[in-house]
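J.: The residues making up each chain are set out below.
Protein chains: 2
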Amino acid sequence: MNLVTILGLIAASLTTGSFLPQAIKAIRTKQTKDLSLGMYTALTTGIALWLIYGVLVKDIPIIASNCVTLVFTSAILFLKLRYK
Amino acid sequence: MNLVTILGLIAASLTTGSFLPQAIKAIRTKQTKDLSLGMYTALTTGIALWLIYGVLVKDIPIIASNCVTLVFTSAILFLKLRYK
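Residue numbers (this note's numbering), protein chains in the order written: chain A, 1 to 84; chain B, 1 to 84.
Please note that a few of the clues may not be correct.
Copies of one chain are not kept apart here, so a pair can be met inside one copy or by any two copies together.
Said to hold, decoys possible - Below, computed lysine-lysine pairings styled on DSSO-like, alpha-carbon distance capped at 30 Å:
hint	residue 1	residue 2
1	30	58
2	80	25
3	80	30
4	80	58
5	58	25
6	33	58
Rather than coming from a laboratory, the hints here were simulated on the basis of the structure.
Please build the complete structure, drawing on both the sequences and the hints.
T.: Pasting the structure below:
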């Protein structure tokens, strides 16, 4: 694996994993007032479409990263709707 | 342009544009308490690495979408640090 591929994998891990601390924070504090409902609605819809796109073009990295991100952003959207 | 490419472009527009309502909300309310600093630190770093990756592999869609997203997530990170 070359350095450029490793850079891409680090980038993908950071952007995918970044939503986990937000989900944990919302679960712990039960506070989501400052989160934008519009952001998490558009983001979760967009990630779901990326996942469908990945399946259609048979791209495993797109499928894998968007599967994980979809779990996190759906959880944050659910918490936003629950604790708004 | 085929339907799969159009689907990918819609997905990219939604995930890129989703951060705009969050930035606007934080500017208007001056409240960022519920936003995760860890999320926006990891996300902004990851998007910056995606941009470098896009430049290295000469992929215009990766460069374009991550340029726009980097502006939005950097703005939210700045607002989080300012109004924490």
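J.: Does each hint hold? Answer for all of them.
T.: Taking the hints in turn, this is what the structure says about them:
no. : hint    : in the structure
1   : 30 - 58 : neither (38 Å within a copy, 43 Å between copies)
2   : 80 - 25 : both (12 Å within a copy, 14 Å between copies)
3   : 80 - 30 : both (9 Å within a copy, 19 Å between copies)
4   : 80 - 58 : neither (32 Å within a copy, 38 Å between copies)
5   : 58 - 25 : neither (34 Å within a copy, 37 Å between copies)
6   : 33 - 58 : neither (38 Å within a copy, 40 Å between copies)
Comparing the model with each numbered hint stated earlier shows that hints 1, 4, 5 and 6 do not hold.
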